[in-house]
Amino acid sequence: MTEQKTATSSQEQNDQRFKETRVFLKLVVTNPLSLIGLAIIVVFLLLAIFGPYVAPYPIQAEGAPDLVHQLLPPSWQFPFGTDEFGRDILSRVIFGARLSLITSAAIVGSALIIGTPLGAVAGYYGEKIGSIIMRITDMFLAFPPLLLALAVAATLGGSIINAVLALIVTWWPWYTRLAYSQALATRNLPYVDAARAIGVGDPVIVVRHIMPATLAPILVQATLDLGSAILSVAALSFLGLGAQPPTPDWGLMVNTGRLFFLQYWWYATFPGLAIMVLVLGFNLFGDAIREAIDPKLSRRRLI
Amino acid sequence: MIIGVLLITFLVSHVIPGNPAALYAGSHPTAQEIQTAKETLGLNKPVYVQFYIYVTDLLQGNLGVSIRTHNPVLSDVAVGLAATLELITFAFVIAVVGGVLVGVYSASHRDHLPDHFGRVVAILGVSMAPFWLAMILQLIFAQTLGLFPLGGRLSTDVSIIYPLRTITGFNLIDSLLEGNFVVFSDSLWHLILPAIALATYPFGLTVRMVRTMMIEVLQENYTRSALAWGLPQRIILFKYALKNAISSTVIALGMSFAYSLTGAFLDEIIFVWPGLGTYTALSILALDYPAIMGTVIVVAAFYVVINLLVDIFQALMDPRVTL
Numbered sequence: 001m002t003e004q005k006t007a008t009s010s011q012e013q014n015d016q017r018f019k020e021t022r023v024f025l026k027l028v029v030t031n032p033l034s035l036i037g038l039a040i041i042v043v044f045l046l047l048a049i050f051g052p053y054v055a056p057y058p059i060q061a062e063g064a065p066d067l068v069h070q071l072l073p074p075s076w077q078f079p080f081g082t083d084e085f086g087r088d089i090l091s092r093v094i095f096g097a098r099l100s101l102i103t104s105a106a107i108v109g110s111a112l113i114i115g116t117p118l119g120a121v122a123g124y125y126g127e128k129i130g131s132i133i134m135r136i137t138d139m140f141l142a143f144p145p146l147l148l149a150l151a152v153a154a155t156l157g158g159s160i161i162n163a164v165l166a167l168i169v170t171w172w173p174w175y176t177r178l179a180y181s182q183a184l185a186t187r188n189l190p191y192v193d194a195a196r197a198i199g200v201g202d203p204v205i206v207v208r209h210i211m212p213a214t215l216a217p218i219l220v221q222a223t224l225d226l227g228s229a230i231l232s233v234a235a236l237s238f239l240g241l242g243a244q245p246p247t248p249d250w251g252l253m254v255n256t257g258r259l260f261f262l263q264y265w266w267y268a269t270f271p272g273l274a275i276m277v278l279v280l281g282f283n284l285f286g287d288a289i290r291e292a293i294d295p296k297l298s299r300r301r302l303i
Numbered sequence: 001m002i003i004g005v006l007l008i009t010f011l012v013s014h015v016i017p018g019n020p021a022a023l024y025a026g027s028h029p030t031a032q033e034i035q036t037a038k039e040t041l042g043l044n045k046p047v048y049v050q051f052y053i054y055v056t057d058l059l060q061g062n063l064g065v066s067i068r069t070h071n072p073v074l075s076d077v078a079v080g081l082a083a084t085l086e087l088i089t090f091a092f093v094i095a096v097v098g099g100v101l102v103g104v105y106s107a108s109h110r111d112h113l114p115d116h117f118g119r120v121v122a123i124l125g126v127s128m129a130p131f132w133l134a135m136i137l138q139l140i141f142a143q144t145l146g147l148f149p150l151g152g153r154l155s156t157d158v159s160i161i162y163p164l165r166t167i168t169g170f171n172l173i174d175s176l177l178e179g180n181f182v183v184f185s186d187s188l189w190h191l192i193l194p195a196i197a198l199a200t201y202p203f204g205l206t207v208r209m210v211r212t213m214m215i216e217v218l219q220e221n222y223t224r225s226a227l228a229w230g231l232p233q234r235i236i237l238f239k240y241a242l243k244n245a246i247s248s249t250v251i252a253l254g255m256s257f258a259y260s261l262t263g264a265f266l267d268e269i270i271f272v273w274p275g276l277g278t279y280t281a282l283s284i285l286a287l288d289y290p291a292i293m294g295t296v297i298v299v300a301a302f303y304v305v306i307n308l309l310v311d312i313f314q315a316l317m318d319p320r321v322t323l
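Sequence lines, in order, name chains A and B.
The working numbering puts the first residue of the first sequence at 1, with every later residue one more than the last.
The working numbering puts the first residue of the second sequence at 1, with every later residue one more than the last.
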């Protein structure tokens, strides 16, 4: 009798969960902006994977000069024009997609892996451990964005790896804070109390019950952050603290293009445009998920 | 918080294996030279002694000497700070006034044409690399259309014919105080383009946050009551709804300011604005280590103070928030 009852209730629960997932998917899919965002992300992913096969001049993209075709305006042969070494800018922009996606994923991924457990632990244990972790986090958050990364990258010396490291160092506290507030909200919920009551150890509770609860808002944040990470890497590259020539990095291309910009507008315009479109993709998609998850933004309006 | 900032900048400048001693000793140093440099910089002492020296130096306003300009970093920074603040303040006003208005308007016309327009502008604003936008604006409005100067803070001829005495370091304020309207209009003319480029990102942020918060507030029961009472929409929006959305608006303002602060670094380089950003960029190129760290400390300290002000302001405006 009791067993049967438990079975039905878990069945109901599953139905409920299924319904939620479906509503969520529907919201994401019916919002046309989110589809545009997703399409942009997919296109850039494909370009990143198949870049060497798609790009018209793959050898030039990696740095080989072609001194006959220096600084040519966009044409059928070179749709985005050529740079000061005669390299096809379109090919270099395509190759840049891979670098941008890998670096931003590395930054956000590492920051998430470092930040989330720290925040979950701080929120669950509270007291001493919590306040120590959060004090340290606050220290990092006391810097305006990018400024600390700039200092770290300048100390380490300019290279794309160092730029990524510098951004990880400055990015994790945001996830710690987010996970912390989520963990605070979950730690006294009945199911966590129940787990504690039947003698589950604290570390297991943190991993199995607290961290999954922090996941949804953190993943939304991560999607949006992929876009900001691309902008941040570009900014560091622009300052000479990121990728070094002849890497086909968008920020670096805008930076070198700056020297020629007022006569040869196409040089810096197209890499910058690529940054904008990809970041736009992440923002559109991230916004749509956030709106789908947040019940307060439901489509009900008065004015 | 300030202590935390000091601790981190100290760790970055003294503990990270970037080897500042080698940088300080010049190019291709010998082992002996590096050792001497280490002793001059105090890097051979225990870490806690180094931290003590570092903090006491800072408290005396000693940020070290710039390797590139050979001036004390503090005086270099002080010169650049005024120019940067002038740019940031102007951009901040554009971002906040524009952002709040568009955000409120967008929320009140949710899912209609003005809202779509506002959202697209906002999302484009936060998707562009600010330095790239600065270059595009420069190309279109300065180079091609000739409406604005390409860069700088004052035209050379104006600054020679109408010399400006530095009172506050803000050209706009100084020229007004002196009644020097030629300089005033010339400064303004130079300021508009970089300020717009700098304002775009925080503008987008503000629109997004204000819009989201307003949509929540507009669904509350008291909004419905106000509507039922027949109050005009303008009063509902700005007197009731925005007041309740003030918390997130103030947070948006704080974030806008933070982004302007670092965004200015890149913006200045494009428009040759003689502020901290240009100074830092040159310092990075010259591996001018004390200058970079000095700028970072000053800007971070500034940011901490602004954050404190934001918190206080928020508590004053919104009785639900306690400090």
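For the record, the hints were derived by calculation from the structure and aren't laboratory data.
Mixed in with the good hints there might be a few duds.
Facing chain B, according to a computed beta carbon distance under 10 Å, are these residues of chain A, among others [unchecked claim]: (1) Phe-50; (2) Met-139; (3) Phe-143; (4) Val-152; (5) Gly-158; (6) Phe-238; (7) Thr-247; (8) Leu-273; (9) Gly-281.
Even for Gly, the Cβ is constructed at its ideal location relative to N, Cα and C.
Structure-based check of all given hints:
1. Phe-50: 24 Å, violated
2. Met-139: 3 Å, holds
3. Phe-143: Interface hint status for Phe-143(A): holds (5 Å vs cutoff 10 Å).
4. Val-152: With a closest approach of 6 Å, the Val-152(A) hint holds.
5. Gly-158: Holds, about 8 Å.
6. Phe-238: 5 Å, holds
7. Thr-247: 17 Å, violated
8. Leu-273: 8 Å, holds
9. Gly-281: Constraint on Gly-281(A) satisfied, holds at 9 Å.
The structure is inconsistent with the numbered hints 1, 7, although it conforms to all the rest.
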